[in-house]
Every structure is written in C-alpha cells, then in structure tokens.
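Q: Listed here are the chains, written in short residue letters.
There are 2 protein chains.
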Amino acid sequence: MNYLKIFSPATVANVSCGFDALGLALETVGDTMTFTKTATKGIKITQITGADLPLDAKVNAAGVVALAMLEKHPADFGIDITIHKGYTPGSGLGSSAASAAGAAFGVNQLLGNSFTPLELTQFAMLGEEATCGTPIADNVSAAIYGGFTLVRSYEPLSIVKIPVPADLRVVAIHPQVEVKTKDARAVLPKEITLKDAVTQWANVGGLISGLHSNDYQLIADSLTDIIVEPARKHLIPHFDEVKQQAIKAGALGAGISGSGPTIFTLCKGDETAESVYKTIQNTYQDKQIDFNMILSKINTEGIKILDTN
Amino acid sequence: MNYLKIFSPATVANVSCGFDALGLALETVGDTMTFTKTATKGIKITQITGADLPLDAKVNAAGVVALAMLEKHPADFGIDITIHKGYTPGSGLGSSAASAAGAAFGVNQLLGNSFTPLELTQFAMLGEEATCGTPIADNVSAAIYGGFTLVRSYEPLSIVKIPVPADLRVVAIHPQVEVKTKDARAVLPKEITLKDAVTQWANVGGLISGLHSNDYQLIADSLTDIIVEPARKHLIPHFDEVKQQAIKAGALGAGISGSGPTIFTLCKGDETAESVYKTIQNTYQDKQIDFNMILSKINTEGIKILDTN
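These protein sequences, in sequence, are chains U and C. Take 1 as the starting number for the first sequence in our numbering and just add one per residue. Take 1001 as the starting number for the second sequence in our numbering and just add one per residue.
Hints are all accurate, no fakes.
Here are a few chain U residues that sit away from chain C, every Cβ distance over 10 Å (derived from the structure):
| # | residue |
| --- | --- |
| 1 | Tyr3 |
| 2 | Ala51 |
| 3 | Asp52 |
| 4 | Lys72 |
| 5 | Leu111 |
| 6 | Val179 |
| 7 | Tyr216 |
| 8 | Leu235 |
| 9 | Lys268 |
| 10 | Ile289 |
| 11 | Asn292 |
| 12 | Met293 |
Some but not every residue of chain C turned toward chain U, in silico, with C-beta under 8 Å:
| # | residue |
| --- | --- |
| 13 | Val1151 |
| 14 | Leu1194 |
| 15 | Ile1208 |
FRET-style restraints, in silico, Cβ to Cβ:
| # | chain 1 | residue 1 | chain 2 | residue 2 | range |
| --- | --- | --- | --- | --- | --- |
| 16 | C | Glu1071 | U | Gly269 | 41 to 47 Å |
| 17 | C | Asn1282 | U | Ala231 | 49 to 55 Å |
| 18 | C | Glu1071 | U | Lys248 | 34 to 40 Å |
| 19 | C | Lys1037 | U | Gly269 | 48 to 54 Å |
| 20 | C | Gln1285 | U | Glu301 | 52 to 58 Å |
| 21 | C | Pro1074 | U | Asn214 | 37 to 43 Å |
| 22 | C | Arg1185 | U | Asn214 | 36 to 42 Å |
| 23 | U | Gln244 | C | Glu1071 | 35 to 41 Å |
| 24 | U | Lys248 | C | Gln1047 | 51 to 57 Å |
| 25 | U | Lys278 | C | Leu1306 | 56 to 62 Å |
| 26 | C | Pro1054 | U | Lys248 | 50 to 56 Å |
| 27 | C | Asn1002 | U | Ala231 | 56 to 62 Å |
These are calculated hints, taken from the structure and not from any lab test. Predicted, not measured: the structure shown is a model, and the values here were computed from it. Glycine included, C-beta positions come from ideal geometry on N, C-alpha and C.
Only chain U is shown next, with the shape it has when bound in the complex (with noise of 0.2 Å):
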C-alpha cells in the first residue's frame, strides 16, 4: 500500500455521567485525511483545508502522533500527509483527537498494520497531550474503536468497545462561541462529595448496563451529569433552554460534548432524531449567535478507510 484517504470521526465525549471515561463516534461528521508514500524520510504534513491549524508537524496533532510512530517503527520511507478538517475545531466534538487517531490508523495501515487498536490509541493520546495539554483518551479510544467506548484505566490503559443500541442517533448544536478548554477545566470542582460520586457512577452503571441491553428508559434515566455539567454550562450559550427544549421534544437526554461549546443529545429513531433537531435550531434561531447542528448515527466502525492504492 502506497496511498490511503481516510474518514475519521468527530467524537463526543463525557456523554453526560461518563466525564473523563465515556466516548462516541459520530458517522456523518470527521476529518477527511491521506497518507501517501515518499522516497524522502520522515512526516511531512503538505496541506490543511477546513481549519487554519500548523502544517509543522512537530507541533500538529496528526504530525506529532506521526512522528512518534516512526520513532517506534522505523520505516524507510516517508509519509505526505493531507488533512481536510470537516468540522472546525474548538467545537468540543474532538477536533485535534480525530486528526490525531487518524494519523495513528493511517501511518499503521502503511507500516503494515504493526501496532494494535490500543497501542494506536496510546500514539493519538501523544497529539492530544500537544495540542490540549492533557493525554485524555476518551476522544480517541471513541475514534479509533468506533461506537461507545469507556477508557476504564489509564495505568494501564484499556478500553472497552460497548455495544450500541441500532436506533440511536445522535443531534448536536455547535454554538459558535469560542470555549477553551483550559478554561472549562478550570472551573471543575477538584474535589466533590463522596454522595455525589455515587450518584454518578450509578448512573455510569445504568447507562453502560443500558447501552448493553437496548433499553432506552434506562439509557435516558442515566444521561445525567450532577457534577461536571453545573459547572460548565455557563459557558454555553442557552443550555439549558436547548437542553430542556431537546427533552420535551423527545430527546432521550442532553449535555455537554467534551468541553463545549457543543451541545449532543441522544435521541431513539430518525423521526424523533429529526424533530429534535428542528426544536434545537428554532431554538437558536434568534439568538443572534451562528451555529452548526448535526445528526448523526452512532458510527459503530470507527475510522473507515475511503480509498487505497
């Protein structure tokens, strides 16, 4: 293989209860991205449409995840890199973390498939930490793996794929607004109640146990989020309204995705998926801010490879 173009999804993460642990991947919404074989060594990453991000790689998502998997890997040849950005970044729908896996499944398919999903997701987690500042996991294990996925250890890392329900859907609103997320880290709690841990993880349980036994009650009971949500929704825009106006029109549940400033729900159904996207936009529609909405199914595959040569 001397070519590949790639789809590598957006990805919502936290989903609700599961801050710092749960991951999804969307199916209509990534990075668009290709890999191409050269007589010249190393990782050159020659276009970026989409975003005004780096084309140095030593400082770009895609390019540092490159890089350090031809340090492990040494090839004899070397890599162009092409990354069409289909969303924009700072969307809080895992921007740098769908180009970072997407160099990750890239660069290993022209290495010859050498390295495992988990290793992959330890190579993308190195381009998170360069352009976030924190090697999370939650975004990239939900690219890489595809679907539902829980980062349930960092030391050592492992991740469990958890099976989707075939009639969810997801609908976003992408409020046009910038949050960063140094800043919405920093206004999380350092410390919570013991009462209150429980009453998330509870809801983790019934949530993963939910997903697992296509019960949508069950699913929407457990979209709740005590913790990280109260602290963070200031930063959006209209949360509340959109997130109760989501709800009422049929929404199993809403909240954060990642840090913001999008705002995910999970609906049952196309039909149901679609009137909650019309309630978000009309929701928006008069608030004098821009905005992007999405549906998506859940994207069960994870990175898809487009085209080989």
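Fit chain C to the given chain U structure using the hints.
A: Positioned in the frame of chain U, the structure of chain C alone reads:
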C-alpha cells in the same frame, strides 16, 4: 394462601467499585422465614432462632416492614412471622436486609401480590432504616431482585437487574470480629477528588459491561475500589493478606462485603472457587480469630418460596 415459607438470601453490597450502588445475592446463605395468616389483626413475630434479635415487631427489621405494608394495604387478618437467621448479624452480608426483604416478599404474597418488586424494595428499605439508620437499598434490592443489582437512583428509586455470567462464584470469609456499620461509615471520606471519582466510575462501567458480556477478565480488572476499601480495610484483620492470597489463587478480585468484616471474592468456576476457598481458609487458620467460610453461586432468582398452603 394461608402459610408461606421462604428463603431470603444474604447479599454482598458495594462489590468493590460500586459503593452504595451495587449488590449481589448469594445462593447458599440466608434467612428462612415463615408467614402465617391469623385471625387476630396485626403483625406478631413469634420466634427468632439463630440470632438474638428483638421479637417486638416495631423494632425488628422484618416487623417494621410488615407493619408498614399492612398500613398501606389493610387486611382483615393478621400475620405471624418466624425467622431463622441462617447467618450471623453484623457480618456485612446484609443480615437485616435479608429479614426486611423477606418480610416484604412474604407479606406481599399473603396480601395477594399487591406490590411490585420496586415497591417491595421501598418497604424493605424501611427495615434497613430502622436497624441501620439509613434507608439503603443495595442489599435489599439484591435480595428481592436476585443476581446483581444496581441502585441507579434513589430519587426516584430505580433498580436495574444486571445479568450474571453462569460460572461466577462467591467465596467469602467472615472473621468473627465486630465492625459496626456506623463506625465503617465514620471512616469514609466526605469528599473525594474528581480524579479518584473518575477512576472509580470507569471501573463501575467496566464491571457492568463485563457482567453483561461474560467478560471475566474485564470483571477482574474492574473489581477495584480506590475510595472506600483504603479507608475501611484497617477495620478488618488481615484484609490485605486474604485479598492478595485469594487473587494469587485465581480469584477475579476481592473486597469488603458491605461495611465488613466479611471479605468477599468473585471467582470463575467451581474449581477455582474451591482453590480460593482453601487458600483463604489456610490464610486465616493461624490467626487466633474465629471465622466462617462461604462458597456460593450467585442467586439469580432472589427470594425463593420453599413451601405454601
């Protein structure tokens, strides 16, 4: 139905990572209770064997539950209750919960099955409140629903029954030392770091996923408690040694059952369970502390009817 004899199981609450949220029911250990319709209205506890507990219905876990049920659902008959405690109160195996849950189940049978399992759990929680000071649901829900149960929410009460892999076995040791629930609660931290909470809820998610998918390795990896066990284990003599030896002998994991002093382990299959049983027994043989050993399947049914007429 004028008479009913039941078995109400002992239960392991918390199950390592799931403090105040998870419970499981045992097959071979529990209370035997009878319920007999009488002409004189009211609840009378006519006999308790196997433990020294009050016969006065107003202060007995089973009595409190039965009285509350008759208040909610008046009957033109009375009920005589006998209780044979099959194991020692204060063991950390939900002794008051077995009697409270058993009373809820038995009285409901004589009332013509008027209440749902969720309502029975709510009644049984009154017995827990009367005897332990807290209307905790993890033990009573496991006794009533059987198998593994998750108390997903208290307000409103929501219980989720989690599937149980067929080869799962419980081996436990009950050292004959007293650990008061009140003392075991007093050593708990009121606040924990968000970081530790994330670690814990990721393990709760892993455990629930492992139970759903028969993934014994995932169950083993997830049986970790970084919050409650470190705070409590000094109350239980030789806890670390028992845990280490049990895991060395093949146990999936070990932890404190409820608020102790019983130490439980989960094992895959009878052979490993027997080997873990012997190992723990040997560990405690020279400790100058009396102890009971338990080896049990998980009781997936909950409370069982032994006889009626």
